[in-house]
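Asker: The primary structure of each chain is shown beneath.
Number of protein chains: 2
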Amino acid sequence: MNTDTLRYRLLDAQLALAREKQRAVILLLTGHAVTHKGEVVNRLNHWLENRHTEVHALGPSSEEQARPYWWRYWRRVPDRGRIGIFIHGWYGDALFARAERRLSPGAFQDRLAEIRAFEAELAAEGVVLLKLWTDIGRREQRRHLTDLQQDPARAWQVGVSEWQRHGQHAVIEAIGRTLRDDTEAPHAPWQRLPFHDPAEQLTRVGRALLAALEAPPEPPAATLARRPAESPGTPSLGRASAAVAERLDKVAYRERLANGQARLAANAREVARRRIPVVIAFEGHDAAGKGGSIHRVTAALDARQYRVHRIGAPSDEELALPWGWRFWRRLPADGRIAIFDRSWYGRVLVERVEGLASEAQWRRGYGEIHHFEQQLLAHGGVLIKLFLAIDKDEQLRRFEARAATPHKRHKLTDEDWRNRERWDDYQAAIDEMFARTHVPGAEWSLVACDDKRRARLAVLEQVNERLEARLASAV
Amino acid sequence: MNTDTLRYRLLDAQLALAREKQRAVILLLTGHAVTHKGEVVNRLNHWLENRHTEVHALGPSSEEQARPYWWRYWRRVPDRGRIGIFIHGWYGDALFARAERRLSPGAFQDRLAEIRAFEAELAAEGVVLLKLWTDIGRREQRRHLTDLQQDPARAWQVGVSEWQRHGQHAVIEAIGRTLRDDTEAPHAPWQRLPFHDPAEQLTRVGRALLAALEAPPEPPAATLARRPAESPGTPSLGRASAAVAERLDKVAYRERLANGQARLAANAREVARRRIPVVIAFEGHDAAGKGGSIHRVTAALDARQYRVHRIGAPSDEELALPWGWRFWRRLPADGRIAIFDRSWYGRVLVERVEGLASEAQWRRGYGEIHHFEQQLLAHGGVLIKLFLAIDKDEQLRRFEARAATPHKRHKLTDEDWRNRERWDDYQAAIDEMFARTHVPGAEWSLVACDDKRRARLAVLEQVNERLEARLASAV
Numbered sequence: 001m002n003t004d005t006l007r008y009r010l011l012d013a014q015l016a017l018a019r020e021k022q023r024a025v026i027l028l029l030t031g032h033a034v035t036h037k038g039e040v041v042n043r044l045n046h047w048l049e050n051r052h053t054e055v056h057a058l059g060p061s062s063e064e065q066a067r068p069y070w071w072r073y074w075r076r077v078p079d080r081g082r083i084g085i086f087i088h089g090w091y092g093d094a095l096f097a098r099a100e101r102r103l104s105p106g107a108f109q110d111r112l113a114e115i116r117a118f119e120a121e122l123a124a125e126g127v128v129l130l131k132l133w134t135d136i137g138r139r140e141q142r143r144h145l146t147d148l149q150q151d152p153a154r155a156w157q158v159g160v161s162e163w164q165r166h167g168q169h170a171v172i173e174a175i176g177r178t179l180r181d182d183t184e185a186p187h188a189p190w191q192r193l194p195f196h197d198p199a200e201q202l203t204r205v206g207r208a209l210l211a212a213l214e215a216p217p218e219p220p221a222a223t224l225a226r227r228p229a230e231s232p233g234t235p236s237l238g239r240a241s242a243a244v245a246e247r248l249d250k251v252a253y254r255e256r257l258a259n260g261q262a263r264l265a266a267n268a269r270e271v272a273r274r275r276i277p278v279v280i281a282f283e284g285h286d287a288a289g290k291g292g293s294i295h296r297v298t299a300a301l302d303a304r305q306y307r308v309h310r311i312g313a314p315s316d317e318e319l320a321l322p323w324g325w326r327f328w329r330r331l332p333a334d335g336r337i338a339i340f341d342r343s344w345y346g347r348v349l350v351e352r353v354e355g356l357a358s359e360a361q362w363r364r365g366y367g368e369i370h371h372f373e374q375q376l377l378a379h380g381g382v383l384i385k386l387f388l389a390i391d392k393d394e395q396l397r398r399f400e401a402r403a404a405t406p407h408k409r410h411k412l413t414d415e416d417w418r419n420r421e422r423w424d425d426y427q428a429a430i431d432e433m434f435a436r437t438h439v440p441g442a443e444w445s446l447v448a449c450d451d452k453r454r455a456r457l458a459v460l461e462q463v464n465e466r467l468e469a470r471l472a473s474a475v
Numbered sequence: 001m002n003t004d005t006l007r008y009r010l011l012d013a014q015l016a017l018a019r020e021k022q023r024a025v026i027l028l029l030t031g032h033a034v035t036h037k038g039e040v041v042n043r044l045n046h047w048l049e050n051r052h053t054e055v056h057a058l059g060p061s062s063e064e065q066a067r068p069y070w071w072r073y074w075r076r077v078p079d080r081g082r083i084g085i086f087i088h089g090w091y092g093d094a095l096f097a098r099a100e101r102r103l104s105p106g107a108f109q110d111r112l113a114e115i116r117a118f119e120a121e122l123a124a125e126g127v128v129l130l131k132l133w134t135d136i137g138r139r140e141q142r143r144h145l146t147d148l149q150q151d152p153a154r155a156w157q158v159g160v161s162e163w164q165r166h167g168q169h170a171v172i173e174a175i176g177r178t179l180r181d182d183t184e185a186p187h188a189p190w191q192r193l194p195f196h197d198p199a200e201q202l203t204r205v206g207r208a209l210l211a212a213l214e215a216p217p218e219p220p221a222a223t224l225a226r227r228p229a230e231s232p233g234t235p236s237l238g239r240a241s242a243a244v245a246e247r248l249d250k251v252a253y254r255e256r257l258a259n260g261q262a263r264l265a266a267n268a269r270e271v272a273r274r275r276i277p278v279v280i281a282f283e284g285h286d287a288a289g290k291g292g293s294i295h296r297v298t299a300a301l302d303a304r305q306y307r308v309h310r311i312g313a314p315s316d317e318e319l320a321l322p323w324g325w326r327f328w329r330r331l332p333a334d335g336r337i338a339i340f341d342r343s344w345y346g347r348v349l350v351e352r353v354e355g356l357a358s359e360a361q362w363r364r365g366y367g368e369i370h371h372f373e374q375q376l377l378a379h380g381g382v383l384i385k386l387f388l389a390i391d392k393d394e395q396l397r398r399f400e401a402r403a404a405t406p407h408k409r410h411k412l413t414d415e416d417w418r419n420r421e422r423w424d425d426y427q428a429a430i431d432e433m434f435a436r437t438h439v440p441g442a443e444w445s446l447v448a449c450d451d452k453r454r455a456r457l458a459v460l461e462q463v464n465e466r467l468e469a470r471l472a473s474a475v
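Protein sequence lines correspond, in order, to chains A and B.
For the first sequence, position 412 matches number 412 in the working numbering, and the numbering has no gaps at all.
For the second sequence, position 55 matches number 55 in the working numbering, and the numbering has no gaps at all.
Be careful, since some hints might not be right.
As the list claims (entries may be wrong) - Cβ-to-Cβ under 7 Å is the rule here; a few derived chain B residues that face chain A:
hint, residue
1, R51
2, A57
3, A303
4, E351
What the hints assert, rightly or not - Partial list, derived from the structure: chain A residues whose beta carbon lies under 7 Å from chain B:
hint, residue
5, N50
6, R51
7, E54
8, V55
9, S61
10, E63
11, T298
12, A303
13, R307
14, V308
15, I311
16, S315
17, E317
18, D341
19, R342
Simulated from the structure, these hints should not be mistaken for laboratory data.
The structure displayed is predicted, hence computed values, not measured ones.
All C-beta atoms, glycine included, are put in the ideal place defined by N, C-alpha and C.
Go ahead and model the full structure; you've got the sequences and the hints to work with.
Answerer: Listed below in structure tokens is the structure:
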């Protein structure tokens, strides 16, 4: 295939991608220094219709540094129909951080696992991944660096960091091998590019991209991780005791509420001072009292510190990106509190039960949720997951009371009645969710809500306990 | 109206707002220090359904500092159906910057004009604005500061800046008066809040918000600014000479193209070094060759520095916000280049001619466009506006050629033929656009495109000249 044919077919394949809007493509180049990466990307971008491409090669902004590591890449995932080109990207971060010993061997291994999870998640959602490693021998690199430095028009391309990376050639070579071996996957394959002149490099990159566009790799099969051995504290609706606590009288309630809120206000100030991000996810049966409980929490908070995110149907911008983006984009900055009124667990609850997600999607969802939550924890955040439960009879009483009260009628929708018809399916999905996602640092709290007052106090208590446990740690 | 009734009616009005999704509300509190602003906002937010509110009170991030001033507020405008609460916001910025002499008197006046334009634009797009100034006498402020400082539970509320602002009480009072007088408008009225205990303040704020929700002020009437006196260089299709230049031969073209691109590459590097943001807007007749011209520009650029934005139909997230947001969100950071393939001028071209915007909307559009462009210029940016023109016969020839060439057929749509039927309406709208928006710093370049080669060279020449003019200035 000559260059003109290659260009023509590439453009054709790209326009089909843009027209069909089914897949996005990520092309990532990393590897040794002075291997024409920048020049190849420039020329490739010129071959393509660059209304549908975006190139990323910059360091993190302050908004990015104030959030979990992967946020900066999630926000750069291209929309369906587009091609995102990354120079170094997440591989460069890991490679150079390890080479410069800013990442310990253990942290490097963790990062590799995160990369695998990130790429599997993107691939499953229709992102085609193509990863290229640019090779160059140590001797050749030295010669090339020297040549560049002596050419007045291009000497600016060589700085301290290029020579430093040349000095680390063997280290980068070794880390690169591990990096590639440990992140090779059928849905995210590596290709090595031997050193050549830019024109030849470009042709090779173009061919690789064309192959990925014309015959995209299969997305990873949806695998459902083995259900973890149940930890002793895992909640379960099936096992929840039916013993109804005595109703709490108003005077005792008010006093305990005020105490809990004062405690929360102090904890929240401390969280802000120490710049710890906090996520509180509320799930629960319809009419269990999520809104009222959230209100009792926010009443204790400074309005400048928190934000409540109500999770409903995705926007069309969200639908153009992998599923997880809807939640990544709402992660709080350090020191701030994000409260989710319904959450990413919709994937394995309402979307599963109502058939809005395919079986492959919700099965995969467990792994994606795990990855998302672990990222927040790894960043030093607190994750508090609350499930507000009522029994079926109590729900009926509340629905009927809402229907009978004019100013509460807006709270009751046809959907609530429909969901109720599938009560047993929901109960099973909820218990499976508990069993699969009640893990250290991301434990569920099951809150019995048959008495609203006790429920609100229990929510405050849970939030306070979890914040205090985090604040007790030194970091 | 007692407090319970007020709360009930407020919530009711807010839920109607959220349900109808026609309007958004901005409530802004500014004024003297230690006047319970934070506490009132906290309590008010507790009265409201805070799934539909957001509170903003933080300083700018690095991403915000790297863009024109108003970007930070545009990105915080609430979606239709939501209430955004700002403590100080753009008024605090102006007030304290002037008090501390970080803004000169002239720059302060300019800022006030920007505020008026910003608020008029939001109001016209359905944002209800409510602005509250919190008063306190100097003596009372001193007493209150001292009281706070002696209360261990609240002493943290008083810092250096509170005392500093107390020291500037008279200055803040005087600037505040100017601020209010000069930004008072029927669609964005001020209310003064005399100092009271928080409960009373809250009631007053609640009443003001209720009034704004129940009887929102009329949006400003769409006024079409008087057509500016035509400056000598204003382009016009009606007056464009019909003289067709001789076609340029390929050899001469290639040489001049390479020269122009080399010059552009050097200019772009300098722009990056000096952190100047650049916006290049391409408009033009269908089939005039926008795509090809953009390609000749981007071929000279580092792919990491620029991004091409193709402007098509708005997303649903964009439709939930005032019109201008679509373009504000795409403004480049300092040192970067944003290329718009069609632009905000769609408002006064296709949206006007095809009736997609009401007459009030496109008339107003001229003012909104002016404000948007001036912001980029005030931030030190370069704005290059190019109109690529062909005549009606040439367009027909190109359409027919496209229809006859298999790999170009995708470029020709039914819409192109439809637009062509309204050729004369478009010509009139284009000439009015030139007359109204060809202003210093935001001049239009009309590029005759009957010969593609000459057109591409002319585009490069325009871009280079404008960049060089900007680079010649010291700042």
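Asker: Against this structure, judge whether each hint is valid.
Answerer: We went through each hint and held it up to the structure:
no. : hint : result
1   : R51  : holds (4 Å)
2   : A57  : holds (4 Å)
3   : A303 : holds (4 Å)
4   : E351 : violated (20 Å)
5   : N50  : holds (5 Å)
6   : R51  : holds (4 Å)
7   : E54  : holds (6 Å)
8   : V55  : holds (4 Å)
9   : S61  : holds (5 Å)
10  : E63  : holds (5 Å)
11  : T298 : holds (6 Å)
12  : A303 : holds (4 Å)
13  : R307 : holds (6 Å)
14  : V308 : holds (5 Å)
15  : I311 : violated (10 Å)
16  : S315 : holds (5 Å)
17  : E317 : holds (5 Å)
18  : D341 : holds (6 Å)
19  : R342 : violated (10 Å)
Checked against the numbered hints given earlier, this structure breaks hints 4, 15 and 19; the rest are met.
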